[in-house]
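Residue numbers (our numbering), protein chains in the order written: chain A, 136 to 489; chain B, 136 to 489; chain C, 136 to 489; chain D, 136 to 489; chain E, 136 to 489.
Honestly, I wouldn't trust all of these hints.
For identical chains, the list gives no copy identity; a pair is met inside one copy or between any two copies.
20 Å max Cα-Cα, derived SDA-like pairs, lysine to any residue [unchecked claim]:
#, residue 1, residue 2
1, 236, 286
2, 353, 384
3, 487, 344
4, 294, 478
5, 485, 420
The set of hints was computed from the structure by calculation and includes no laboratory data.
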Amino acid sequence: MLKFLKKTSKKAGLPPGALIHIGEKKTEQVKISVIDYDEEHILEKEIKDPQETFYLKAKPTLTWINVVGLHQVDIIETIGTHFNLHPLTIEDILNTNQRPKTEDFDDYLFVVLNMLYYNAEEGEVTSEQVSLILAPNLLISFQEVEGDVFDSVRNRIRKGKGRIRKAGSDYLGYALVDAIVDNYFLILETFAEKIEFLEDELLDHPNRQSLQTIHEMKRELLYLRKQVWPLREILSMLSKSDSDLIHESTGIYFRDIHDHSIQVIDTIESFRDLLTGMLDTYLSSLSNKMNEVMKVLTIIATIFIPVTFIAGVYGMNFKYMPELDWHWGYYAIWIIMLSIAVALLIFFKKKKWI
Amino acid sequence: MLKFLKKTSKKAGLPPGALIHIGEKKTEQVKISVIDYDEEHILEKEIKDPQETFYLKAKPTLTWINVVGLHQVDIIETIGTHFNLHPLTIEDILNTNQRPKTEDFDDYLFVVLNMLYYNAEEGEVTSEQVSLILAPNLLISFQEVEGDVFDSVRNRIRKGKGRIRKAGSDYLGYALVDAIVDNYFLILETFAEKIEFLEDELLDHPNRQSLQTIHEMKRELLYLRKQVWPLREILSMLSKSDSDLIHESTGIYFRDIHDHSIQVIDTIESFRDLLTGMLDTYLSSLSNKMNEVMKVLTIIATIFIPVTFIAGVYGMNFKYMPELDWHWGYYAIWIIMLSIAVALLIFFKKKKWI
Amino acid sequence: MLKFLKKTSKKAGLPPGALIHIGEKKTEQVKISVIDYDEEHILEKEIKDPQETFYLKAKPTLTWINVVGLHQVDIIETIGTHFNLHPLTIEDILNTNQRPKTEDFDDYLFVVLNMLYYNAEEGEVTSEQVSLILAPNLLISFQEVEGDVFDSVRNRIRKGKGRIRKAGSDYLGYALVDAIVDNYFLILETFAEKIEFLEDELLDHPNRQSLQTIHEMKRELLYLRKQVWPLREILSMLSKSDSDLIHESTGIYFRDIHDHSIQVIDTIESFRDLLTGMLDTYLSSLSNKMNEVMKVLTIIATIFIPVTFIAGVYGMNFKYMPELDWHWGYYAIWIIMLSIAVALLIFFKKKKWI
Amino acid sequence: MLKFLKKTSKKAGLPPGALIHIGEKKTEQVKISVIDYDEEHILEKEIKDPQETFYLKAKPTLTWINVVGLHQVDIIETIGTHFNLHPLTIEDILNTNQRPKTEDFDDYLFVVLNMLYYNAEEGEVTSEQVSLILAPNLLISFQEVEGDVFDSVRNRIRKGKGRIRKAGSDYLGYALVDAIVDNYFLILETFAEKIEFLEDELLDHPNRQSLQTIHEMKRELLYLRKQVWPLREILSMLSKSDSDLIHESTGIYFRDIHDHSIQVIDTIESFRDLLTGMLDTYLSSLSNKMNEVMKVLTIIATIFIPVTFIAGVYGMNFKYMPELDWHWGYYAIWIIMLSIAVALLIFFKKKKWI
Amino acid sequence: MLKFLKKTSKKAGLPPGALIHIGEKKTEQVKISVIDYDEEHILEKEIKDPQETFYLKAKPTLTWINVVGLHQVDIIETIGTHFNLHPLTIEDILNTNQRPKTEDFDDYLFVVLNMLYYNAEEGEVTSEQVSLILAPNLLISFQEVEGDVFDSVRNRIRKGKGRIRKAGSDYLGYALVDAIVDNYFLILETFAEKIEFLEDELLDHPNRQSLQTIHEMKRELLYLRKQVWPLREILSMLSKSDSDLIHESTGIYFRDIHDHSIQVIDTIESFRDLLTGMLDTYLSSLSNKMNEVMKVLTIIATIFIPVTFIAGVYGMNFKYMPELDWHWGYYAIWIIMLSIAVALLIFFKKKKWI
């Protein structure tokens, strides 16, 4: 399946640090939105040229630049150059094929995550790469497509409520990661509901379609796990980070999402085990039912075979067959045939075959 | 299965630290009971307003506040604010969806555990979250529903016997955790009895219902393991804790429950292996029996098919069939048919097919 | 299976440190035997009141107190109090439900082990808890039933040969643990012989009983592994112990049994793999044989079905059936039927179905 | 399969350090090419005698010697002696049977890797050993056959673009390893495409050939994993190396390929799981279909067996069979036979067997 | 299988350090051979009394004593006493039942290894214990039977070529271990060839014997892995040893065999996976073929059953059966029967059952 390995052939043979966007062109026009705020003021705008944001860097306020769409390489490069990002960082942002990871470049922390979407109807999990640059008073986030997952964070900033307006870029980073991980729980819930539905279906009227669905869900959970697994390590590193960029008080918050990520992985594993159990139950019940059918049919056949033989015997045309001339021969034969059938039925019953 | 992932959709999109009770509203009215004691005195009362307990804080006696019911968020919040609990702690208490864990907030230790109940008839394990706040001279416990597991601890305090009246809040915390873990053994015993019963049943009169039961028990053990697994780590951390909140002498006691938790996990694993073994034995014995039946039936059919053919031959109406006119033809044919049947039986016997 | 979890319901709800004997009452009367010796002298006696041994504590000789039977709680308690054992230690001695473990209480080392017995006829492994208290010049051992495993150690002490009379309580402790672990090898040997016997049986005349035996042995190996697994860790800890109670020169000896314990676990794993392999071989050979039988039977049926049809055709009573009047019709039909049978046989042969 | 263990019998019994080329003679003539460059100058030539390159060692420029073909042992030995390579290093270069590894010999770093090729038509992965010697201002690479994987690196050096002309031998080493690992992604892509094709095929018209292909792909993935697995450790070591030979700034680049190698392994594991899932789906759908066929056929047989029996009965030649003389007997029998057939059909329908 | 656990019952109950040879008496007469050499001189002799070698100890030359046969306990004991070996070391040498291990007794290093032999015809791997004592200027090796694996080392010493005459006892020890591990590769090659042969056989003419062979090979690989697994750890310890007995320069050589041992284990694992894959392929192809056969046979039966019924109908003896009197009745019935058969064939074809 190609989604387990996004196309990378564009890249092979190029120098490291080569800036090419790898991934589908998921949005039409790169959208850059800026929120600049401190405890008292807030400034929001949508811009086209990233250079419009650069003057904010000098100010002591916290600046969050959100870039949606990665296909205009020059925009990303301009931002990268201005904020002194390492060539490999820019490459990783553009190549939306990264394993989730975090890297500490002294000046800034680089975090790559996957935003996951679940299309319950097609039963397919898709992922979008989100990259975060965490610097003092600055957070830059790069997304492939526009989603609504960050809206809750935006609203909290706008409302000016809570810790978010007082804390630094590390807390803002935490809020974004938290929004992404919370979203994972929504996906798991959809899975949970689908599994519950499947379980009822298998009990009531099992069919081959359910089998197909179980296999598909197992495959999607495999994909999900592949996406979430590295998160655990990342969040553990962030919560224990000795980087100056993450305050100790924010570490506790990252530890909290770390716990959540373990819960996500635990639940994925449980789901996989549940699905395997359902599959086993289904297959063995199917095979049981099949066997039951075959047994009944074979027993019917077995009862008729001897009596048909007897009928065959008295259908023979030998000249001298004394029984044929007996007056009660025909009735006697019926009695014999019925006796055989009943005897066989009793025998099978005693053997507990029926 | 939704119980593997309690509903969290209420939470998604909210700021971290948002105080919303997640879980079913399991009790009607929040009940707060206080036991305040030292070696010589003891004071017990049931209160409605948590503020009534706050004056006890100043006293050198040990105060145990037990809160049953979490749906009145304001009560939990009042307690949290008064005792300086971290916002994340209050959130974790309310969100009864936590993985068991322990966190050291310098001022207090926060422990989240699961109380487990097993409904043997419906074959279902359910869990309830228990949160403990362990501070000097203070222990606050939060439960979702009222149970009788803590009664034994209460009685020991009332009787004034043993170490519990002399020791600090860490020993009280240990006593509560011990009561919870002891309860796990009771669940395992019920499982053990059910497994033994199942084993006998499978030997005596295996049926499809037992199969269903095995699969259900495996699923519940899966759930049990998911609940108990993190406990091991927690208790290991508590027993080796360098926190001032846990005295070295109490560490030995936590090490003891740590051993118990390992025993619980070991037993769960053994039970899973036993059930898998039983399943395999059952399925292969079933398939064996089925094969046996089919073989016998097929052998019966095989013996009758050739002789029925012979009967068919002499049922043909050709004008010139010399055998039909022979005087002893009919008897000769009977002898031939019996010989064929006997020969086949001997052949099958020699081949060890019957 | 209850033996995977000995009854603990007596305990639940009791304070930690509550002294109740958990386990079957395996012996009639508690037996206490003392051996007090140094390089030159030896004193052996059987006593009833543990207090008779207390004067030996002051002497520089090494005292080994062996207690058989745990149901008289007061005797154990008297010993515990006199030798300053921690309440949890006494509880662990009485609750014969412990996972093997070792604990260092500064004054003494506490070691819990399992003595294993294998009843080859019933194919069942049973275990008995052995607790050792290792203090300077003192070793107390607690057993549930009297066995002969320690006799070899007793004899070596009596003969005054070897290191045992010169070395301290740590070496005596080593000798006892060594005797227990040596006993494991005897059990494994019985297993090895039984596996070899089974393998021959499966090759010569496989039957359903062997299947049952394989499953039983797998279950018992599961139990065995559960008992032996923690030993590895314990012996590793003892061999690297920095406790003053174990001399460095004795550490080498514990390292030796540590190697043995790894060997025991390795062998158990190998046995499990072997049994699984045997099971697979047996099942697939069984299914192969079954298929073979069904195929032959079905082929017999298939050959007779067309010819029986032909016989049926000429058994029809149509007035105008020219073949019936032909002189050689009957013989011609025989030739046709034989040709069909032979043609089918050749076809099956060519297809390699027979 | 011999490719899992290349022939080593030539070696057994020889002293360590014995210089014998182990592997197929994959190229006709050993080819040595040299690129010597710094930021401003570049010198490229193809030579026959390795001694021609030795004068370059003294110069401050970076020298890359690429040796293709290992069967002329004396050439490798000359190079080894001149550059003070350890005898074991030379042996490892010649014995193309190495597990990927890295060794730090103070003076130089020795890296062994596998270049992998996938012949999609024959479905076979083959590997070629690449050895790198990384010394200050010097990089020697040994290949078995000439490939085009390093061409991209050569071109980047020629173009004088990017970091490669400025950086040292460690960065050049990184560039070569990166080219090799990039190549792994190309192989995985071919696999991904083949898996997708197979999945469609299994859905549309499953056949036995697909089964064979799945098994072959699993085997090749096994081989692939065996080759790639050690890479992870190597790259982790290189990225954290405290050797003077790798600058800290290059460490970041090695960390980047380390991430890639984890991605490769993850993808291999996912592919294996996917193939196993496909296999299971295919086999169970096959068995389902088979059962369906058998069931229909058996039902047809079961319906005809009773009615054939009845026809047999009235084919008997008894003198006194009243039904035979009835005027409507024949039609009555037809009605009875049809009723039986319809009743059975209804019964089967009700039982949900058809 | 007893070979997975050599007989140890002789030992149980004996004091630790008891000197009893455990293992088969594999050689007639204990053979002791000595090679004493330095860079310039070499002395070789075969002796009977180990005491003849003791004067060599004082000399600065390197002495290699090779003892073949362990059943004359007194000889081993004399050597042990003279060279101050620990009682446990002597016990381990005699008890040829050791797990491979290495122990550092300050004065000497003790290494236990297994020499493996593969009897390809009987398909059985057997092992022989080799013990090495590594002291300054002294190496004592103990073997159970005489083999030719050490001959290559002897020849290198005799020829005076290479590092071996210059280096110390650690390098000699390395050379011996290397010879043993090289021998493992020869065994793996035989396995590889057998697997390749089996694979071809399964493709061309699969039979039940191949199945048996696969199971046997899996069992032997299990045994092999059990023998080789501990080696990895041993060689890792030797290569990183901080013992004075192993020079740093020799450590590199041990690291080299460490790599080889990992390769051996990797290859064993790959072989096991390959065999499992082959087994799966074989079983599923077998079951496929079986199903194919059964389907064809059942289809033949199903086609004939309805037409036989029709023939049966017109074999009935009713007086009034109008069809029987029709002139073309017989031919019409043939046409009807053929039409039914053809219709069924078309139906099966359309359903893709044939």
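**OP:** Please write out, lowest number first, the hints stated earlier that are contradicted by the structure.
**Re:** Hints 1, 2 and 4 contradicted; others consistent.
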